[in-house]
Amino acid sequence: MEALRIKAVRKKFGPLEVLKGISLDLEEGDFLVLLGPSGCGKSTLLALIAGLEDITAGEIHIGDVIANDLHPRDRNIAMVFQSYALYPSMTVHANMAFGLKMRGVSTADQDEAVKRVADMLDIGHLLERKPGQLSGGQRQRVAMGRALVRDPMLFLFDEPLSNLDAKLRVQMRSEIKKLHNRLQTTVVYVTHDQVEAMTLATKIAVMQAGEIQQYAPPEEIYNRPANAFVAGFVGSPQMNFLPGRLERGNGDPRLRIEPANGATECTIPIGSLVESSLGNGEEVIVGIRPESIRPAGSSSTFTFDAAIELVEMTGADTLATFILGGHEMMARLPAEEKPALGDRIGLSFDPASVHLFDRHTTVRLN
Amino acid sequence: MAVQAEMPRRPRSAAGLDLLRPGQWLGWVSEHRYWAYFLIIPSILFIFAIIIYPTANGIILSFREMRLTRPDLGTGFIGLRHYADMLDDPVFWVALINTLKWVVMSVTLEFALGLAAALALNRDLPGIRLISVLILLPWFLPNVVAGNIWALMLDPRLGVLNDIFIKLGFLSEGKAWFADPDTALLIAVIVEGWHGYPFFALLFLAALKGIPKDLYKAAAVDGAGTLQAFWQITLPGLKMIIVAVVILRVIGLVNSPELLLILTGGGPGNATQVLSLYAFHSAYLLFDFGYAGALSVVMFVILMVFCVIYLRVSRLTAD
Numbered sequence: 022m023e024a025l026r027i028k029a030v031r032k033k034f035g036p037l038e039v040l041k042g043i044s045l046d047l048e049e050g051d052f053l054v055l056l057g058p059s060g061c062g063k064s065t066l067l068a069l070i071a072g073l074e075d076i077t078a079g080e081i082h083i084g085d086v087i088a089n090d091l092h093p094r095d096r097n098i099a100m101v102f103q104s105y106a107l108y109p110s111m112t113v114h115a116n117m118a119f120g121l122k123m124r125g126v127s128t129a130d131q132d133e134a135v136k137r138v139a140d141m142l143d144i145g146h147l148l149e150r151k152p153g154q155l156s157g158g159q160r161q162r163v164a165m166g167r168a169l170v171r172d173p174m175l176f177l178f179d180e181p182l183s184n185l186d187a188k189l190r191v192q193m194r195s196e197i198k199k200l201h202n203r204l205q206t207t208v209v210y211v212t213h214d215q216v217e218a219m220t221l222a223t224k225i226a227v228m229q230a231g232e233i234q235q236y237a238p239p240e241e242i243y244n245r246p247a248n249a250f251v252a253g254f255v256g257s258p259q260m261n262f263l264p265g266r267l268e269r270g271n272g273d274p275r276l277r278i279e280p281a282n283g284a285t286e287c288t289i290p291i292g293s294l295v296e297s298s299l300g301n302g303e304e305v306i307v308g309i310r311p312e313s314i315r316p317a318g319s320s321s322t323f324t325f326d327a328a329i330e331l332v333e334m335t336g337a338d339t340l341a342t343f344i345l346g347g348h349e350m351m352a353r354l355p356a357e358e359k360p361a362l363g364d365r366i367g368l369s370f371d372p373a374s375v376h377l378f379d380r381h382t383t384v385r386l387n
Numbered sequence: 056m057a058v059q060a061e062m063p064r065r066p067r068s069a070a071g072l073d074l075l076r077p078g079q080w081l082g083w084v085s086e087h088r089y090w091a092y093f094l095i096i097p098s099i100l101f102i103f104a105i106i107i108y109p110t111a112n113g114i115i116l117s118f119r120e121m122r123l124t125r126p127d128l129g130t131g132f133i134g135l136r137h138y139a140d141m142l143d144d145p146v147f148w149v150a151l152i153n154t155l156k157w158v159v160m161s162v163t164l165e166f167a168l169g170l171a172a173a174l175a176l177n178r179d180l181p182g183i184r185l186i187s188v189l190i191l192l193p194w195f196l197p198n199v200v201a202g203n204i205w206a207l208m209l210d211p212r213l214g215v216l217n218d219i220f221i222k223l224g225f226l227s228e229g230k231a232w233f234a235d236p237d238t239a240l241l242i243a244v245i246v247e248g249w250h251g252y253p254f255f256a257l258l259f260l261a262a263l264k265g266i267p268k269d270l271y272k273a274a275a276v277d278g279a280g281t282l283q284a285f286w287q288i289t290l291p292g293l294k295m296i297i298v299a300v301v302i303l304r305v306i307g308l309v310n311s312p313e314l315l316l317i318l319t320g321g322g323p324g325n326a327t328q329v330l331s332l333y334a335f336h337s338a339y340l341l342f343d344f345g346y347a348g349a350l351s352v353v354m355f356v357i358l359m360v361f362c363v364i365y366l367r368v369s370r371l372t373a374d
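As given, the protein sequences belong to chains A and B, one line each in that order.
Everything in the first sequence is counted per my numbering, starting at 22 for the first residue and increasing by one.
Everything in the second sequence is counted per my numbering, starting at 56 for the first residue and increasing by one.
Be careful, since some hints might not be right.
[Said to hold, decoys possible] Under the rule of at most 30 Å between Cα atoms (straight-line distance), these lysine-lysine pairs were calculated in the DSSO-like manner: (1) K188(A) - K268(B); (2) K268(B) - K41(A); (3) K268(B) - K28(A).
Note that these hints are calculated values from the structure, not bench results.
Given only the sequences and the hints, what does the whole structure look like? Please build it.
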């Protein structure tokens with residue numbers, strides 16, 4: 022059954038249109054991540070789902086009801102805010118029980134529900150404290166607890182981990198993942214952090230400028246980005262982009278990389294990477310992920326020599342910046358590779374791992 | 056070496072500093088740990104001269120005879136006689152009760168109007184900034200000006216309000232509101248409410264702006280209505296400012312007789328007589344400075360007791 026269905030939703034603030042016709046469906050038990058840069062409209066979309074903002078056009082169905090005109094309390098949702106929004110004058114217990122109390126649940130049932138969730142989140146010892154007496158991580162748990170205490174159709178998370186330090190963020194991310202695996206709740210989760218998106222989501226909607234650029238499972242977003250924006254936004258370090266031209270000669274089709282800064286030209290044989298409908302001389306953007314580039318060695322790959330411009334050690338791997346055809350590129354090499362600055366080393370990649378995008382529309386071609 | 060020996064001797068401090076170069080020794084003093092005391096000396100002197108000395112003098116005065124109309128009585132110490140007289144003075148008791156009524160009714164009215172105004176102004180509507188400034192206008196007016204404006208508007212023959220009430224059919228003829236013991240204090244409270252509510256509105260508005268909007272969103276998702284959100288979020292969020300603003304206003308109202316002085320002069324009879332006004336009358340109409348001093352000391356003690364109890368109670372309810 023569909024837990025959430027969004028149909029051609031638009032939102033305007035005055036003359037500014039921040040959502041330009043968003044449509045997506047979400048199955049029950051799915052974990053949807055709305056991913057995008059600041060100002061892309063992801064938080065606004067969440068506010069529309071929650072009923073905290075009025076919808077300008079379109080329809081939002083939660084479960085099998087149209088929620089457009091429903092008050093937030095009648096939408097059967099629970100929400101975790103970036104600021105946690107814990108009621109400062111109430112104890113943790115009262116914070117968690119508030120939603121139940123407002124719905125007329127008996128005190129005994131409130132206590133039972135709070136206890137169950139508090140045990141699950143390991144915050145049982147904090148119940149009598151006020152939010153001001155809690156650490157950031159504890160507040161985050163209480164905010165989650167307040168949402169979990171009820172049994173809503175939909176959980177909404179608005180960048181819930183962005184106020185935590187790096188270590189705690191990774192820990193809470195795993196806990197959210199475990200909770201979702203255990204409870205199989207339906208979640209809509211807003212973040213600008215692609216690692217959170219990739220690790221948590223069953224489906225990701227990548228947004229930019231009020232539009233969904235791609236709506237797909239995480240593997241597909243990573244392996245087959247729908248356009249150059251998605252390709253560049255997901256993946257770290259960012260995908261390398263090169264301007265190129267498709268050449269169909271007598272043999273296999275090739276990509277001719279347009280040289281910059283007076284560098285020599287370079288061509289990449291691409292075999293059956295693209296469909297034959299693409300014509301000779303087609304202008305493309307060639308995308309190669311840094312992790313696709315390996316040290317030279319294998320015979321089945323495209324090999325080239327490059328001068329190392331910069332070496333960054335992350336511990337787990339070595340990020341090497343080099344120049345190919347006059348364009349700066351980055352390779353993610355194994356940690357044991359330690360090229361020195363200015364070295365010329367042999368690198369290679371599998372032409373099958375190349376992403377091609379239309380130079381003008383930026384849409385994926387292969 | 057010879058040049059140095061010929062230099063004229065300059066006065067030097069024990070620490071070897073050149074006393075004719077203030078930059079040098081000020082620099083040395085400012086590094087010293089007692090520099091802070093040096094800096095607060097001017098304010099301490101000032102506070103002493105305009106607060107502590109007059110207060111102490113007033114308290115001493117309350118134990119002395121000092122009637123300008125009866126120089127024959129002298130200015131000797133008379134112990135607690137003024138305080139004993141006060142207990143037998145029916146006007147004192149009327150003034151005490153009236154002070155209580157005046158303060159409670161005025162603060163209640165100002166609180167209610169101020170909160171309503173602040174809630175209304177705490178919205179993102181066009182023109183609201185201009186209105187927030189305009190609403191402060193009554194507070195900008197000095198008590199004397201505000202009092203005279205209202206005295207004129209409420210005048211039985213010239214007053215515009217009486218005219219409006221007559222035209223609307225509420226009154227058959229102009230009413231002298233401040234001449235009727237039943238209406239005098241009430242109307243004065245309304246004038247004070249109008250004059251004083253912007254103070255509440257301003258501070259409440261500042262506090263409201265400090266309440267995170269997310270709390271209201273969370274409450275909406277949790278199922279709270281407007282009223283519940285008000286009780287559970289807005290009021291607790293205003294608590295500290297309520298404590299502060301009420302105490303400031305109570306002190307202000309107890310101590311300032313100007314508005315009543317202009318509107319009613321304490322009359323008719325003693326219907327609007329309050330302690331501050333009575334002390335003012337005793338001092339500057341009856342020239343009995345000793346008794347006026349004793350009245351002031353009583354007001355001072357009442358305010359102190361009120362503040363201590365009030366702060367204690369509000370701290371108890373805060374946690």
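To see whether the hints hold, each was checked on the structure:
1. K188(A) - K268(B): The hint holds at about 29 Å.
2. K268(B) - K41(A): 26 Å, holds
3. K268(B) - K28(A): 28 Å, holds
When the structure is compared with the earlier hints, no violation turns up for any of them.
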